[in-house]
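J.: Place chain E on chain H using the hints.
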Amino acid sequence: MEYFILNIGILLRKTGINVTITEIRDCIKVLKSLNVNKLNQFDIYNLINTTMIKTPWGSEYAQWLIELYFGPDMELLSDRTGLLTYGRGTGKSLGLSTGKIMSLEKLLQAVLNDNMQSIFAAVYNSNFDVEPWMEDRQDVLKMLQAQSLWDEVSDSLVQMQDKISNEQYNAAANIMDEWNELLKEEAERQLAKNMSEEHLLMEMEKRNPRRVSFLESNDDLILSMSREIQKLGKKLAVRKGRRRRVSSKGIISLPKTIRKSLKTSGIPVNLVRMKRTPSKPDLWIICDMSNSVSKFIYFMNMFVYSTQQQYSHIRSFVFVDRIMESTEYFNNTDWESALNNLKKIKAYNITGYSHYGNMLMEFAGNYLTCLNKQTTVIILGDARNNGNSLESSEVLKEIKEKAAALYWLNPLTKDQWNEKDCIMRRYEPNCTIAASCSNVEELERFLSLI
Amino acid sequence: MNVDQIILGLRENCYIPDENTARVLNYSLLLNKPLLIEGPAGAGKTELAKAFSQLLGRELIRLQCYEGIDESQALYEWNYQKQLLYIQGKSFSEKDGIGDGVDVYTRDFLLHRPLLKAIENPTPSILLIDEIDKSDEEFESFLLEILSDWQITIPEIGTIPAITIPFVILTSNSTRNLSQALRRRCLYLYLDYPTEERELAILKIHFPMMKDTLGKQVISFIRKTRLERLKKHPSISEVIDWVDILEKSNIENLVPQVALNTLNILFKYREDVLHMEEKISQEDWYNGILHT
Numbered sequence: 001m002e003y004f005i006l007n008i009g010i011l012l013r014k015t016g017i018n019v020t021i022t023e024i025r026d027c028i029k030v031l032k033s034l035n036v037n038k039l040n041q042f043d044i045y046n047l048i049n050t051t052m053i054k055t056p057w058g059s060e061y062a063q064w065l066i067e068l069y070f071g072p073d074m075e076l077l078s079d080r081t082g083l084l085t086y087g088r089g090t091g092k093s094l095g096l097s098t099g100k101i102m103s104l105e106k107l108l109q110a111v112l113n114d115n116m117q118s119i120f121a122a123v124y125n126s127n128f129d130v131e132p133w134m135e136d137r138q139d140v141l142k143m144l145q146a147q148s149l150w151d152e153v154s155d156s157l158v159q160m161q162d163k164i165s166n167e168q169y170n171a172a173a174n175i176m177d178e179w180n181e182l183l184k185e186e187a188e189r190q191l192a193k194n195m196s197e198e199h200l201l202m203e204m205e206k207r208n209p210r211r212v213s214f215l216e217s218n219d220d221l222i223l224s225m226s227r228e229i230q231k232l233g234k235k236l237a238v239r240k241g242r243r244r245r246v247s248s249k250g251i252i253s254l255p256k257t258i259r260k261s262l263k264t265s266g267i268p269v270n271l272v273r274m275k276r277t278p279s280k281p282d283l284w285i286i287c288d289m290s291n292s293v294s295k296f297i298y299f300m301n302m303f304v305y306s307t308q309q310q311y312s313h314i315r316s317f318v319f320v321d322r323i324m325e326s327t328e329y330f331n332n333t334d335w336e337s338a339l340n341n342l343k344k345i346k347a348y349n350i351t352g353y354s355h356y357g358n359m360l361m362e363f364a365g366n367y368l369t370c371l372n373k374q375t376t377v378i379i380l381g382d383a384r385n386n387g388n389s390l391e392s393s394e395v396l397k398e399i400k401e402k403a404a405a406l407y408w409l410n411p412l413t414k415d416q417w418n419e420k421d422c423i424m425r426r427y428e429p430n431c432t433i434a435a436s437c438s439n440v441e442e443l444e445r446f447l448s449l450i
Numbered sequence: 001m002n003v004d005q006i007i008l009g010l011r012e013n014c015y016i017p018d019e020n021t022a023r024v025l026n027y028s029l030l031l032n033k034p035l036l037i038e039g040p041a042g043a044g045k046t047e048l049a050k051a052f053s054q055l056l057g058r059e060l061i062r063l064q065c066y067e068g069i070d071e072s073q074a075l076y077e078w079n080y081q082k083q084l085l086y087i088q089g090k091s092f093s094e095k096d097g098i099g100d101g102v103d104v105y106t107r108d109f110l111l112h113r114p115l116l117k118a119i120e121n122p123t124p125s126i127l128l129i130d131e132i133d134k135s136d137e138e139f140e141s142f143l144l145e146i147l148s149d150w151q152i153t154i155p156e157i158g159t160i161p162a163i164t165i166p167f168v169i170l171t172s173n174s175t176r177n178l179s180q181a182l183r184r185r186c187l188y189l190y191l192d193y194p195t196e197e198r199e200l201a202i203l204k205i206h207f208p209m210m211k212d213t214l215g216k217q218v219i220s221f222i223r224k225t226r227l228e229r230l231k232k233h234p235s236i237s238e239v240i241d242w243v244d245i246l247e248k249s250n251i252e253n254l255v256p257q258v259a260l261n262t263l264n265i266l267f268k269y270r271e272d273v274l275h276m277e278e279k280i281s282q283e284d285w286y287n288g289i290l291h292t
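Taken in order, these protein sequences are the chains called H and E.
Using our numbering, the letters of the first sequence correspond one by one to residues 1 to 450.
Using our numbering, the letters of the second sequence correspond one by one to residues 1 to 292.
Rather than coming from a laboratory, the hints here were simulated on the basis of the structure.
Don't take every hint at face value.
[Claimed, not checked] Calculated pairs, DSS-like style, for lysine-lysine (alpha carbon to alpha carbon, straight line, at most 27 Å):
(1) H:K295 / E:K232
(2) H:K414 / H:K231
(3) E:K204 / E:K224
(4) H:K249 / E:K117
(5) H:K14 / H:K295
(6) H:K260 / E:K82
(7) H:K231 / E:K268
(8) H:K260 / E:K90
[Unchecked claim] Far from chain H, some chain E residues (derived; all Cβ distances over 10 Å):
(9) D4
(10) R58
(11) L110
(12) K204
(13) N253
(14) V255
(15) D272
(16) L274
Virtual Cβ for every residue (Gly too), placed ideally from N, Cα, C.
With the rest of the complex left out, here is chain H:
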């Protein structure tokens, strides 16, 4: 048991979740004090999240990891899908012996009677065996669908559509979808058994909201990623101002203290302290709105607008091949609606291909003179110039000189910066900081640099 927990801890570390030896020790200690002889999946899942992962999304992550190692637990499955009416059921209690598949008639009956318990037992009592050479998820899924008679049941259902009511058919279709989800998870589990640890770690990283790439994120992770991003927002670009104000802590201001002590016969009973307050800079964000970076732009705007109160004013610009100021769109509505409205406009997108050189030239002509030393400029984009000869990297130099700072956040990894039509390496020397920002963790790393 101890080795198992240790292995889980080491695996979690490799996927970016910091687990210390103390936390592993705590997990083992609690497990021992619970006096469980047999590993109880629910306890393990709960314990791993409480002692090792420690995040709001950690419970789902632990559940996925444990199911990969042990197979699913009916109770856990019902937790995640929200189908709380399910109870525990084993194949034996339903008259199934391990390895045997239920007959087509019984399976069809189970689907029509909304008996998910039987379907679940049928799936997990079947001895599916995936060949080691099979790597494609879809191929494995098709194989499982055939072996478990899912496709035959599906065909039978379609043939029966005229003989049953619409409600019954829709309910049965939902059961078929859930059954398909079970088969997908089983396919993943079978593949995981055959995959190398390296591959397994890659799969685990894809489910870690802090490590999954913005460009590859799926709907399941968007909420968790959004929460992580909003927490980072407070760190962005706040510099201590030069002005001091009276505060309850900080350096003692001798002149003010002495002045105040006049009220108490010259005895400095109350000290006057001064504190440097952070100044609120202006922020200009320039977003590439091309399709290749749309998810990245979504998260970055969420990040910036979740901390609006940190800036005195935010000015935003959008571009594909031409630049357009979009500040007004964000002023009167929430950022998400504004972004959606902007996508419908064509003023900044004539050809459909991003042209950074043109964008920078237009920026220099229209907005450069408005920059000052209180302004922080952030460019969000992948620097793919689509082979255009005009690069305008000298404009970046001018922006950097006029503004407080120029940051460029690129969703591509640094080794991709000189590949194909990406010319980031030419822009990088003219930025205060040019950072690869493909996931939440890299964004946090960027924030620690500024």
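T.: Then chain E, alone, in the frame of chain H:
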């Protein structure tokens, strides 16, 4: 104390926990480790700490964190005015100036703030560090020594070990990431809004005479509002206040007009009120609530 005893004990103190919460509290007692509770505002994190302190029969010492809090508000502070008066008094009585051996850095001049108070309490207490995410990272470093070694170091006096070890609960609304150093010293619990059954049970504890129909309608309405995109979702305490008003107004059925008239109790932002007014006026949205 086992999980069932914790569940029962908390219920007796008007807090309905789920099994996971009770289990994590049990782990925390077993390991004697601080417990970090994260979750949305109004999910019951602070109430859990209060109910748990009543269950264990321990004093609750609360440290409410805010932006800019430092060790002088949390750990200790020198009573500067007392020190000054003492020095003045000594210098008047000894005409040559400050006498030998005047030491103003002793315990007599120390103002005990919550953390120091918790470890110097003669009986074990519960230390609640509320909304730790509102403080800054520098403040977290002050907590590290006390949370791992149960001692505080005061440069002028030395290390003060704990007389009794408090049970520590930290709460956070997840507005920022807490440091790894703090997280690793704590166990973790994510407390989300309750399930329908649990929320109904909470309402029944507060309002034993509440009609079943109204209770279910209220829960169904709240469930739907929590799926909406709002600036702030109604917390459990706001739901309790709302039901209190409904009960006092002898409302038996949650018709749309009643919901419209009482929105301000649940929603504290104008945009949210307007949004919900629009939703309630949509018949298909409100369908199902009345017939629950």
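J.: None of the hints should be skipped; say for each whether it holds.
T.: Here is how each hint holds up against the structure:
no., hint, in the structure
1, H:K295 / E:K232, "25 Å, holds"
2, H:K414 / H:K231, "25 Å, holds"
3, E:K204 / E:K224, "20 Å, holds"
4, H:K249 / E:K117, "22 Å, holds"
5, H:K14 / H:K295, "26 Å, holds"
6, H:K260 / E:K82, "18 Å, holds"
7, H:K231 / E:K268, "23 Å, holds"
8, H:K260 / E:K90, "24 Å, holds"
9, D4, "14 Å, holds"
10, R58, "22 Å, holds"
11, L110, "18 Å, holds"
12, K204, "19 Å, holds"
13, N253, "27 Å, holds"
14, V255, "29 Å, holds"
15, D272, "12 Å, holds"
16, L274, "13 Å, holds"
Hint compliance for this structure: no hint is broken.
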